[in-house]
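Protein chains: 2
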Amino acid sequence: MIELYKLTEYLQLFKEFSMEDVKLFFSALARSKTLRAGEVYIAAGDTNRKLAHIKQGLVRAYMVNEEGVEKTLFFRKEDQQIAAYDCIFKNEPSRFYIEAFEETVIIELDYDQLQAFMERHPQYEKARRHFIQNLLMETLTRLEGFVLLSNEERYLDFISRNPGLVQRVPEKYIASVLGITPESLSRIKKRIKEKSEN
Amino acid sequence: MIELYKLTEYLQLFKEFSMEDVKLFFSALARSKTLRAGEVYIAAGDTNRKLAHIKQGLVRAYMVNEEGVEKTLFFRKEDQQIAAYDCIFKNEPSRFYIEAFEETVIIELDYDQLQAFMERHPQYEKARRHFIQNLLMETLTRLEGFVLLSNEERYLDFISRNPGLVQRVPEKYIASVLGITPESLSRIKKRIKEKSEN
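Line by line, the protein sequences give chains A and B. If you're matching positions, the first sequence starts at 1 in the working numbering and goes up one per residue. If you're matching positions, the second sequence starts at 1 in the working numbering and goes up one per residue.
Rather than coming from a laboratory, the hints here were simulated on the basis of the structure. None of these values were measured; they are calculated from a predicted model. Some hints could be false.
One copy or two, either will do: identical chains are not told apart, so a pair holds if it fits within one copy or between any two.
No more than 20 Å apart at the CA atoms, straight line, and that leaves these computed lysine to aspartate or glutamate pairs for EDC-like [claimed, not checked]:
id: 1; residue 1: LYS193; residue 2: GLU20
id: 2; residue 1: LYS55; residue 2: GLU152
id: 3; residue 1: LYS90; residue 2: ASP157
id: 4; residue 1: LYS172; residue 2: GLU92
id: 5; residue 1: LYS126; residue 2: ASP112
id: 6; residue 1: LYS193; residue 2: ASP110
Let's have the full structure, built from the sequences with the hints guiding it.
See below:
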């Protein structure tokens with residue numbers, strides 16, 4: 001679901017784009033790719049500065065920590081974007097794996113090509129800033145959940161912001177994204193069920 | 001402490017600015033203000049689209065939740081920035097209080113004036129995007145800590161990223177920022193002390 005303040009922003013952005021611009025942008029830079037379920041798109045250690053828009057499907061970003069334990073940081077689905085952000089923003093190898101969780105169709109861009117394009121077309125700089133600003137708001141909202149909400153409230157907030165996702169993803173991954181153990185998540189769900197039955 | 005990738009970025013940015021630009025920017029838009037310790041700079045409910053650079057001092061952002069419990073979301077200190085981000089990015093009243101925790105000197109900007117300035121000087125758009133990008137990286141790093149690290153690791157990471165802050169701030173606020181109870185934080189500190197003595 002798109003929030004109102006985002007919609008207003010998007011409408012403003014589109015005023016600055018012509019259909020020709022959009023075609024130019026995508027034909028020059030973007031490639032469509034299909035990833036099969038389970039396919040690793042970005043691996044830990046990769047240095048490719050890739051980013052992609054998800055047309056269809058679901059991807060999972062995870063890290064394997066020093067104890068060999070896999071931790072899922074986030075899921076991204078249709079109409080969201082993924083990026084090798086350690087590579088792009090820090091010029092470091094990716095610490096994360098990004099894999100297709102379902103068969104996934106993406107539109108892929110190379111960040112360095114995008115950069116070169118932006119240098120030639122600075123009129124898009126504002127749109128790019130809006131895009132990053134929206135990512136910042138999304139990240140801040142999620143961060144706030146960890147400080148301001150209880151585990152139960154964070155779970156309820158998560159399912160209201162990500163409708164349909166819990167049906168597509170096993171519980172252990174949802175627990176990881178929420179920063180809790182699978183056992184805690186089971187207890188939370190049981191408690192919510194009991195409340196709704198009373 | 002500034003990280004290497006940021007330094008490289010800042011150096012690139014400054015190539016695009018002349019001293020004249022910087023003077024113009026600050027003389028036209030910025031005001032210096034001194035807040036006394038405990039003074040509320042932004043209150044919950046405020047709609048002023050303010051942002052500020054902290055020259056000296058320390059500020060705290062907190063929220064009062066539905067149960068009347070105060071939750072501290074973050075501290076910002078010298079050379080960092082604060083903003084009424086609900087007002088600026090969402091056009092909604094601030095959910096947060098931002099108060100001076102020590103006597104604090106800020107350079108204040110009005111966001112709408114900044115916007116108008118940016119419209120007239122689009123050459124700064126790139127610098128603004130970099131600034132937001134850095135905020136995004138900072139926020140992502142903190143978010144990662146909640147998913148990838150244990151409470152003890154998150155505390156150790158926090159003190160290494162914020163040297164000197166634990167000396168300036170009572171433990172209950174640090175616990176809140178870390179998303180744990182003050183009792184958990186005490187146990188963590190005790191455990192770390194015991195480990196270092198063995």
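The hints, checked one at a time:
Proximity of LYS193 to GLU20 under the C-alpha cut-off of 20 Å is found in neither arrangement, the shortest distances being 52 Å within a copy and 64 Å between copies. Taking the shortest Cα distances, LYS55 and GLU152 never come within 20 Å of each other, neither inside one copy (31 Å) nor across copies (39 Å). In this assembly of identical chains, LYS90 and ASP157 lie within 20 Å of each other by CA distance solely across copies; the values are 18 Å between and 31 Å within a copy. For the homomeric pair LYS172 and GLU92, neither the shortest alpha-carbon distance inside one copy (29 Å) nor that between copies (35 Å) is at most 20 Å.
Both within a single protomer and between protomers do LYS126 and ASP112 lie at most 20 Å apart by alpha-carbon distance, with minima of 18 Å and 16 Å respectively. For a Cα distance limit of 20 Å, the shortest separation of LYS193 from ASP110 qualifies neither inside one copy, at 46 Å, nor across copies, at 47 Å.
Violated hints, listed in ascending order, are 1, 2, 4, 6; each of the other numbered hints is respected by the structure.
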